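Q: Chain by chain, the residues:
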Amino acid sequence: MKRQEKFQRLVRPWQDRLYAVALRRSGNSAVAEDRVQDALLRAWRDFDALADEISVYAWLLKILDHVSADEHRRDQRRQQLAPVISTGEPLLQKHPCAAPGPFEQTLQGQQHEQLLAAVESLPDDFAMVVMLRDIEGLSYRDIAQVLEIPKGTVMSRLSRGRRLLARLLLKQAEPNQMPDCENGALT
Amino acid sequence: MESKQKLEALHLQIQDMLAGYVDDELDEREACLVEAHLAGCEACARDVVRQQMLHEKLGAIPHEQMAPAQKSRLDNVLEKALQKNGARHAALAALRRRAGHWFRFVEDRWMAAGGWSLAVFLAVIMVFNASWRHPDGGIPMVEDVVAEYQHIAVSPLPNAEPVATAQPPASWPRARVLASWRTRISGKPAQAYAVRNDNKVLLQVKVGEQVFYNNPKVRKAVADAGRYEVLEQGLKVVALPLDHGGLLLVGPPEGMPDAGTMSLKSF
Chain A
1 MKRQEKFQRL VRPWQDRLYA VALRRSGNSA VAEDRVQDAL LRAWRDFDAL
51 ADEISVYAWL LKILDHVSAD EHRRDQRRQQ LAPVISTGEP LLQKHPCAAP
101 GPFEQTLQGQ QHEQLLAAVE SLPDDFAMVV MLRDIEGLSY RDIAQVLEIP
151 KGTVMSRLSR GRRLLARLLL KQAEPNQMPD CENGALT
Chain B
1 MESKQKLEAL HLQIQDMLAG YVDDELDERE ACLVEAHLAG CEACARDVVR
51 QQMLHEKLGA IPHEQMAPAQ KSRLDNVLEK ALQKNGARHA ALAALRRRAG
101 HWFRFVEDRW MAAGGWSLAV FLAVIMVFNA SWRHPDGGIP MVEDVVAEYQ
151 HIAVSPLPNA EPVATAQPPA SWPRARVLAS WRTRISGKPA QAYAVRNDNK
201 VLLQVKVGEQ VFYNNPKVRK AVADAGRYEV LEQGLKVVAL PLDHGGLLLV
251 GPPEGMPDAG TMSLKSF
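For the record, the sequence lines run as chains A and B. So the first sequence is residues 1 to 187, counted in this note's numbering. So the second sequence is residues 1 to 267, counted in this note's numbering.
Since the hints were made in silico from the structure, they are not lab data. Please note that a few of the clues may not be correct.
Straight-line C-alpha distance at most 20 Å; calculated SDA-like pairs for lysine to any residue [to be verified]:
| id | chain 1 | residue 1 | chain 2 | residue 2 |
| --- | --- | --- | --- | --- |
| 1 | B | LYS71 | A | ASN28 |
| 2 | B | LYS236 | B | PRO253 |
| 3 | B | LYS57 | A | ALA99 |
| 4 | B | LYS80 | B | LYS57 |
| 5 | B | LYS71 | A | ALA99 |
This one's a predicted model, so the numbers in the text were calculated from it and none came from an experiment.
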């Protein structure tokens, strides 16, 4: 099969998914379009380097990540302090909505846009693994290849990232707590 | 005092493994360690539940699509790049072919004997290497459904959902649903059905698109032939596309239903 045909068949179907990722990361459709264009041009340039060990989508995400990394904004975000919180964190322990049932209700009350904004507000290292795993559905092995980190690091960042996200959502819910959480009826 | 410190260190270490536990990415020993800890640690147990909920909720977020104008612009840029670079690539390929002819000419004259010996040696290595390799290159969803089948083959069937209302994706005249339950394939939720076909039990697992189309071999086989088939540990695995995801049918090769009698439900 000709190189062009192979590229069209394997790579082009992912362009919308790449755009969705780029849009989530940048929050701007024009920037996202530029990044996808850059990523697909690089993918075409390096198409012969696509190896069997990595899925096409993970390979494209890796390229998109490199494209984004070239931008100054990302460098600034990388310097954000990455807090580590324990499962014993007071908010997670004391907040009635942190219990499984009420937390589910808190979560159900969130719009998709609110959730995406919450993920995006995490420190970059955590936001990336949460997005690649929970939104994009990549395996730990693929995430490790995209971000060029060990699989164990993927797991620890994901554990901490989800915990930070849960705390963030609970904090956001605090000003207008649900009645069931206030009186502890569901705890 | 020392043992308390050790327990606290273990508690901290396990917190970094909880995502792996939620996503089925731990090996058996690690999973046992986490489960033992969860039995006595309410904080971590709650964290596991919250992580599961977050994973489900985030996985349901739809993906934004490019606007038609954006797609059109991207098509134009890529079309040009593909044509330009394609011509250069073809020229390079021709150059490589010519270099290959020259190399073979030299090889014929000066290195025929040694070259052939080396070629035979490499061919033998490649043949043996190919036969040792895993037949499907270790596709996670295939490995997972085979493990699920092997598990139900030696354990009581899970009956998490009423059999009477269970509607597996594939049906054929003699199919009888024995059990239906939720499981996880490649770390994502999936619906499993144990179905009897005469005296054989088959497993049907309905998976989402992300899992089904993740592997290039599966994508190519589905695009070319409408299905992907593989023999794995003596079991046949057939992957069939559905409207929203795919079906993995697992069982002994001789117990598989006749393709002509099988119908697929669209979901």
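Q: Now, for every hint given, state plainly whether the structure supports it.
A: Hint-by-hint comparison with the structure:
1. B:LYS71 - A:ASN28: holds, 16 Å
2. B:LYS236 - B:PRO253: Between B:LYS236 and B:PRO253 the Cα gap is close to 5 Å, so the pair holds against 20 Å.
3. B:LYS57 - A:ALA99: It holds: about 17 Å lies between the C-alpha atoms, which stays within 20 Å.
4. B:LYS80 - B:LYS57: Since the Cα atoms of B:LYS80 and B:LYS57 sit roughly 40 Å apart, the hinted pair is violated (cutoff 20 Å).
5. B:LYS71 - A:ALA99: violated, 45 Å
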